[in-house]
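Engineer: Below, each chain spelled out in residue letters.
There are 2 protein chains.
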Amino acid sequence: MRQSKLFSKTLKEVSQEEKSLNAQLLLRGGFIDKLMGGVYTFLPLGFLVLKKIEEIIREEMRAIGAQEILMPVLHPKENWQKTGRWQSFNVLFKLKGKDKKEYVLGPTHEEVLVPLAKKFVFTWKDLPVAVFQIQDKFRDELRVKGGLLRGKEFIMKDLYSMHPDQKNLEQFYKKVIKAYFKIFKRCGIKEKTYLTLASGGTFSRYSHEFQTVCPFGEDLIYICQKCNLAINRDIKPKIKKCPNCGSKKFKKGKATEVGNIFQLGTKYSLPFDFKFKTREGREKPVVMGCYGIGLGRLMAAIVETNHDAQGIIWPLEVAPFLIHLITLKSGKKKIDQKIQKEGEKTYQVLQKKRFEVLYDDRKEKSPGEKFVDADLIGIPFRVVISENTLKKNSIEIKKRSAKKAQLIKKSSLIRFFHQYVK
Amino acid sequence: MRQSKLFSKTLKEVSQEEKSLNAQLLLRGGFIDKLMGGVYTFLPLGFLVLKKIEEIIREEMRAIGAQEILMPVLHPKENWQKTGRWQSFNVLFKLKGKDKKEYVLGPTHEEVLVPLAKKFVFTWKDLPVAVFQIQDKFRDELRVKGGLLRGKEFIMKDLYSMHPDQKNLEQFYKKVIKAYFKIFKRCGIKEKTYLTLASGGTFSRYSHEFQTVCPFGEDLIYICQKCNLAINRDIKPKIKKCPNCGSKKFKKGKATEVGNIFQLGTKYSLPFDFKFKTREGREKPVVMGCYGIGLGRLMAAIVETNHDAQGIIWPLEVAPFLIHLITLKSGKKKIDQKIQKEGEKTYQVLQKKRFEVLYDDRKEKSPGEKFVDADLIGIPFRVVISENTLKKNSIEIKKRSAKKAQLIKKSSLIRFFHQYVK
Chain X
1 MRQSKLFSKT LKEVSQEEKS LNAQLLLRGG FIDKLMGGVY TFLPLGFLVL
51 KKIEEIIREE MRAIGAQEIL MPVLHPKENW QKTGRWQSFN VLFKLKGKDK
101 KEYVLGPTHE EVLVPLAKKF VFTWKDLPVA VFQIQDKFRD ELRVKGGLLR
151 GKEFIMKDLY SMHPDQKNLE QFYKKVIKAY FKIFKRCGIK EKTYLTLASG
201 GTFSRYSHEF QTVCPFGEDL IYICQKCNLA INRDIKPKIK KCPNCGSKKF
251 KKGKATEVGN IFQLGTKYSL PFDFKFKTRE GREKPVVMGC YGIGLGRLMA
301 AIVETNHDAQ GIIWPLEVAP FLIHLITLKS GKKKIDQKIQ KEGEKTYQVL
351 QKKRFEVLYD DRKEKSPGEK FVDADLIGIP FRVVISENTL KKNSIEIKKR
401 SAKKAQLIKK SSLIRFFHQY VK
Chain D
1 MRQSKLFSKT LKEVSQEEKS LNAQLLLRGG FIDKLMGGVY TFLPLGFLVL
51 KKIEEIIREE MRAIGAQEIL MPVLHPKENW QKTGRWQSFN VLFKLKGKDK
101 KEYVLGPTHE EVLVPLAKKF VFTWKDLPVA VFQIQDKFRD ELRVKGGLLR
151 GKEFIMKDLY SMHPDQKNLE QFYKKVIKAY FKIFKRCGIK EKTYLTLASG
201 GTFSRYSHEF QTVCPFGEDL IYICQKCNLA INRDIKPKIK KCPNCGSKKF
251 KKGKATEVGN IFQLGTKYSL PFDFKFKTRE GREKPVVMGC YGIGLGRLMA
301 AIVETNHDAQ GIIWPLEVAP FLIHLITLKS GKKKIDQKIQ KEGEKTYQVL
351 QKKRFEVLYD DRKEKSPGEK FVDADLIGIP FRVVISENTL KKNSIEIKKR
401 SAKKAQLIKK SSLIRFFHQY VK
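Which chain is which? The protein sequence lines are X and D, in order. Quick note: the first sequence uses my numbering, first residue 1, plus one each step. Quick note: the second sequence uses my numbering, first residue 1, plus one each step.
Watch out, some of these pointers could steer you wrong.
No distinction is drawn between identical chains; accordingly, a pair holds when it is met within one copy or between any pair of copies.
The calculated lysine-lysine pairs, modelled on DSS-like cross-linking and capped at a C-alpha distance of 27 Å, are [claimed, not checked]:
(1) LYS94 to LYS137
(2) LYS365 to LYS118
(3) LYS5 to LYS182
(4) LYS185 to LYS174
(5) LYS334 to LYS370
(6) LYS5 to LYS119
By construction, these hints were calculated from the structure, which means they are not laboratory data.
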């Protein structure tokens, strides 16, 4: 992609109401745009990051045997009345059609998933089974939080698992925890992300959240200093020692929730009469679990934990591009033509080898402006072609996370980047 | 994917209200499920087809230089008041939040795109530029049409282009027509899809639709027998001879719209005061085009034009899988064990070579039941392992579109399929 053609541009400053760091950096870098409070557009760079995150989640969900589907945003009122959540779910967006029928904009999908699964799950042979989707969700939040952290409209991966019994659910639940940590590792936030006990368990005593420690987090967690299990502020008063290892030493930290998982048990099977026939021919309600990851939240958490004063430092697997190729003008016309030519050539070569490259080919920008943009956007590698590199028949490479740049021979460029791509 | 683990199942029959062929076949094959009138879930098989279609569209949009973004579903009322469509757009879904603010569920995105583009487009240097998204759309249709053809909620690719003048728009408009035919070719419906003159042009006299001829089409088009340009029923009374070649011979045909393209001119630039500075320093409104493809509609049109009495015949590029591997039981225990073992081995080998395989490993199903399901689901190649093939040390391959099967040596299996995958 040529930066001169990029739809979005970096911004010098953004509105003062955007207090959170992730929103500041994502807006300034041209990753997202705010349509209104809690509702954002993903711009080309942000969309690329979103797709990378989506693909990581998809791969790890498939790896534990979950099948992808896509359920609608519009739900019929009746389904939500059946579970009582038409009344009790307090951030439900409701609307009425011209046909006078009432609808819900799905904030979660148990009310659609369970009646759907009832059409295909009949006996023990059909269990366990797990399906997931990556879909827009809607919540009528009065207080929207900074940037992508809590919005009225947001993208979620929601996974639903169905089991013959509690034991089978627990086995799968453990698998999901492992899969989530794989996802967070690939997204570069695992080191700061903690499995956290929280309220809201229906069948089990507690639910689990995945909380990423960061200064702008809206939650407060207590991390066991011995085993790393964390406890959410909400339930900490009731818990004196770590339920996992017994230690009493905790460290307090602000954190933001990037995922949550619930053992639902039969909470949603019962209202929809979702049963299966056991091997012995008896009828039993299906035991369920549900598991969410907010993709925007995850992106926000990645930014909150991967940046410096100059801008974002995207982890390799979620970066919009691998390489930010930059030509620097010298001010001398003939040399600038040579630099431009070398830039074009390098861009073509890298593209041919299928590396993902953002090419800053903008002629009017000064070296300083280009460097500032590159640091803000945060692509993992900056490759510079300048009067200096031409002289030395070399190319300058700087890792975004490193302090210093290095010169390498032009001929080793491809080999250098092959280290970083599978 | 093992068919024994597949979340969805084929159905013997579906509700009588589903009159359209595409809905009948997609529902029976387990591709989609109906949540309510005009609102469908994509099940695992349907989701795979949807992703294939999405990827084809994405590739062809990128090939003409369009950049992908993702705009929200929730729009503020004010934007729709500005264009007058808060009142005039008659299938608008409106809703009110707890904050008493009113919102629109986006049926199209000019009202979001133009104010967004205004933040990044300032001078002639920033033009032309084109952005697209693949996103859920909502229309409060009172009469929903068969299956995926016209719904309250549907997935669309919408592309918006911005230009300095009408001539530049027309150049891009022609590029889009070519790109659309590439998409329809890859989706297997090009032969039956016609560029069609329709009403609704704002800047130009007419707009263009892409209409696919099929028996259940809700539109009527008149196809010029000389040059293949088609005319929509709506405007045919005004048109006596083909505006392209002058011929007066037309053939009538039922058709369904799979895409439409508009030269918007300055219709949406003006209300939002979306201007740019020309090379000469004058201010001029940006000239725009917009271009849609309904992904569900496209899937429906593919089914309507690619099937036989037994079921769907998916074109290669949009098929959920390339290969439907099937083991047939013989009724003799020892031989069945051998067949099962050979099936597993073949499945592993094909997967290792990265072919997309649905493996019908269901032990309780008869050969007849498996064949009926395979024909209904419509995967391009059926590969059978049976007592007969074991005896002959071979494998049976049948193209879904062919009448007869062929036996090939087991050792040539991989080579056979490498013909069909890049």
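Engineer: Hint by hint, which ones does the structure fall short of?
Structural biologist: none
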